[in-house]
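If you want the building blocks of each chain, they are given just below.
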Amino acid sequence: MASKTAAAKDIITLHGSAAIVSEFFCYAANSILYNRAVYPEESFVKVKKYGLPMLLTQDESVKSFLSNLSSQISEWLEAGKLQRVVLVIMSKATGEVLERWNFRIETDSQVVDKGVSREKSDKEIMREIQAIMRQVASSITYLPCLDEPCVFDVLAYTDTDVAVPFTWVESDPKLIANPQMVKLHGFDTKIHKVDTLVSYKNDEWDEEE
Amino acid sequence: MILRTPPPKKPRSDAGGSSTPTGNQLVIFEDSPLPAPLQTTSHEHSSDQHLCTYQCRQMVKSDVLDALSKAEKQAQEYQTMLQTLNQNYTQADEERKQFRDKFLYSEQELAAAKGREKVLQEQLLMEMDNSQERYSKALQSCHDLEVKLQSEMNLRSKAESSVATSEEKAKLLEEKLSQLSGSVERERKRLSNDISHLGKEAKLSVSRIGADLERMQCRAQSAETESDLLRSQLEDLKQKFDECLHEKTEVYKKLSSFTSEAASTSDNNVLVKTLQEELKRCEAEVREARKIKSQQLDAELLKVKLLEEKSRRERAESELSKLPELQISIDMLENELSSWKSLLNNIPGVSCPDDIVMKFSALQKEVLDSTMKIGEASTRFNQLEAALDATQLGKQNAEIEAALAKEKFVALKSDVKRIEAMLALVTEEKEQLKAVVSELRKSDSDGPVSATTDATLAQSFESSLAKKENYLKELEQELSQLKDVNNRQRDEIEHLNDKLVSEARRMKSLERDSDRLRSEISLLESKLGHGDFSAANTRVLRMVNTLGVENEAKQTIEALQAELQKTKERLQAVEELKSQSGDAGKLVDSHITGKIAQLKEQIATLEKREERYKTVFADRISVFRRACCELFGYKIVMDEHQRPNGIPATRFTLQSIYAQSDDEKLEFDYESGNTSILDNQYTSQGEIAKQVEIFIRKFNSIPAFTANLTMESFNRRTLY
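So the sequence lines, in the order shown, correspond to chains A and B. Note that full-length UniProt numbering gives residue 183 to position 183 of the first sequence, counting from 1, and the numbers run on in steps of one. Note that full-length UniProt numbering gives residue 452 to position 452 of the second sequence, counting from 1, and the numbers run on in steps of one.
Simulated from the structure, these hints should not be mistaken for lab results. Some hints could be false.
Said to hold, decoys possible - Pairs of lysine to any residue residues, derived as SDA-like cross-links and limited to a Cα-Cα distance of at most 25 Å, are as follows:
1. LYS48(A) x GLU671(B)
2. LYS608(B) x THR167(A)
3. LYS123(A) x SER713(B)
4. LYS614(B) x GLU60(A)
5. LYS193(A) x ALA535(B)
6. LYS665(B) x LYS614(B)
7. LYS359(B) x GLN83(A)
8. LYS365(B) x GLN83(A)
9. LYS341(B) x SER171(A)
All chains, please: the whole structure from these sequences, using the hints.
Below, the structure is given as structure tokens:
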């Protein structure tokens, strides 16, 4: 959207930035679900995005869930009301939270209030997102194995004055007690700055050590 | 021997004569050997006189010779004396020269020492002034820091007092909490009593239900026996019915044969009557058989109901077994609820549970603010302590420098004293030399030649001395300038050193601040990573229809729908039975009807809710569509489809409200945040294609394109 709405490649508008961030979250969620084996491999299909082969789920329910989520996130981003998006992976049997993929968002309030635009190269943004996707893919080397069936959920941290849509409800933050944390790269569109952090439950082997 | 009365002096003309007396020379008077003619007269006298004079001359000669030898000796002595005097004079002269040189050198040294003394005094004064200034500055800074320290101590005491008050408040709150926990326990006991009562009542109801069940079982057994009997009766009746039917057919045959034979006798009438009576009897039996059949059906229904009741009884028993666990959970929930309610009542400024969160967040904020303030105060205190240490160090340094300056001053004083002593010695030597020089001058005053040479020497010495003094003055000036330059450089170096020290201190404080900030950042990052948030600013939301819930909801919906179908079928059967049966199973019917009514109500509410959701969604969608159409002037139709590469895309078809035909449609594809216009018959027209080229391809602005198109369509409609 930024490339369509900008007169030159370097100009970023609020709408374009919100679209970039929501699209990034959609692809990142798919990548996490594939790499953490929340859904079977055969339910994913390969597409080209950010100069990398990305995997998208073909499960209709997950697709519709993520598309609804993406549209709502885009709306909140344009309003400057979204603070964080957290993808939570829980055990299906016990409901225990095993991993939290934390995407913290900082919005330039001047852009939201005054509607000004910023300048940044699309290529650089794509490079930054590419680095994050590579890190997500390589996270399987240090994250503990998820041996049991898992489900995922998405939490949105918003401002208190946001009107809650009827398809959303208030929730507890689904925290992990004494987590291990790994900070990943982030990217910046000059309007929205996204930082990524993954916190996971200490593996039993690590605790014994 | 020298004649007492020497003869008058005669001029000596010959060489044998004695020399004219000049100075201190010895004049020997002799008689002339060639007397003159004047002498002839006195020739007679002269013989005696000659004899006398010869003796006299011999005597005189001897005397003269003696005198001469004496004189020669004296002259030699005088010569030696003169030589010795000359030697003494030269020695004295040399000594005078040496002493003069020494005098000059000592004068030079004295002047240099005076100059050095002056310079040193000036230096000392400057250093004293500088050290005094620094000392005064250090004292002032110490005073300021002491004032600041006092104020910070006051602040700290205030903070400590506030901490103490907050601790007291916390203690009070803890006491209140303990009181609340006591009240909670009392409430819990009361609730447990209530629950025990309820349990007893539940047991009673369960026993009542058991009794009802037993009664129903007995009735069912009796109904079974009745049904068995009725079944046997039914079979008998069926047999009879079959026989009757068979007889009926035979009778009809007979009747038909009778009618064909045309024989109408009274016996036939009787036979007909009997057959009719048998027929009626058979019909009554058939009716009874039907009744029995219906009763059998009722019995079967009762059996089914009995089974249901049995299953319900089992379920009730299982639920009864779960009752204590439920009671425990109820206890816990009631405890929590009571505790929250009591908290609500006891916490000031709280009227509903939502206020508690706000209150806690406000209290947390206050605690955080107070801890931050305490942290800031402690950091400022540490900073002031560091500054105080630094000033104390500076003070110590200043004291050390003052001590050093004092030592220098003492050393300089000793130098000055030493120089003064040297100066006194030199002046004494100078006076001694002056006295010697005056003595020499006096001793040499007889010889005028040496005095003139001394005067010229002295003049030359004085001129050279003057030149040297001038040179010395120039050197002293240069020296003073160099010393000034050195002092300025030293001051600059000291100033730079002070700056360096202050910068080092500032760097240390900045390093401390950076460490503190780094620790705070790491703490905040860990909190962020952990997921902590402030309830005053942030709200956590999740979608209602998550995937697991959707699947579960679907399953529950399917299960409910199956149950609904079953209950509907049962309801139909029961209604049929109810219409046909009598009082048998009235109580069971009432239970069943009650439950059926409940299920019907639930179904109705669920259906209503579904309808409401559908209507609301449809309303909102339609409102949104209408609003979009009215605001932007385009009717938008959304359509999902899949591209050949498998990626889903959404197609939007826009038709302007000012369009003059249905073909004037714009088509856009939206996929993953990218919107692209599709070519169609309308967009490939001349003007439209131009606008697409300009607004979309060149300027990359679809809103500008649509706005321009709207304006053109509007103008066309209004003008034409």
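Here is what the structure says about each hint:
1. LYS48(A) x GLU671(B): holds, 14 Å
2. LYS608(B) x THR167(A): holds, 19 Å
3. LYS123(A) x SER713(B): Outside the cut-off at roughly 39 Å; violated.
4. LYS614(B) x GLU60(A): Holds, because 21 Å separates the two Cα atoms, which is no more than 25 Å.
5. LYS193(A) x ALA535(B): holds, 22 Å
6. LYS665(B) x LYS614(B): Roughly 30 Å between the alpha carbons, so the hint for LYS665(B) and LYS614(B) is violated.
7. LYS359(B) x GLN83(A): The hint holds at about 23 Å.
8. LYS365(B) x GLN83(A): Holds: LYS365(B) and GLN83(A) sit about 20 Å apart, inside 25 Å.
9. LYS341(B) x SER171(A): holds, 22 Å
Against the hints set out earlier in the document, violations occur for numbers 3, 6.
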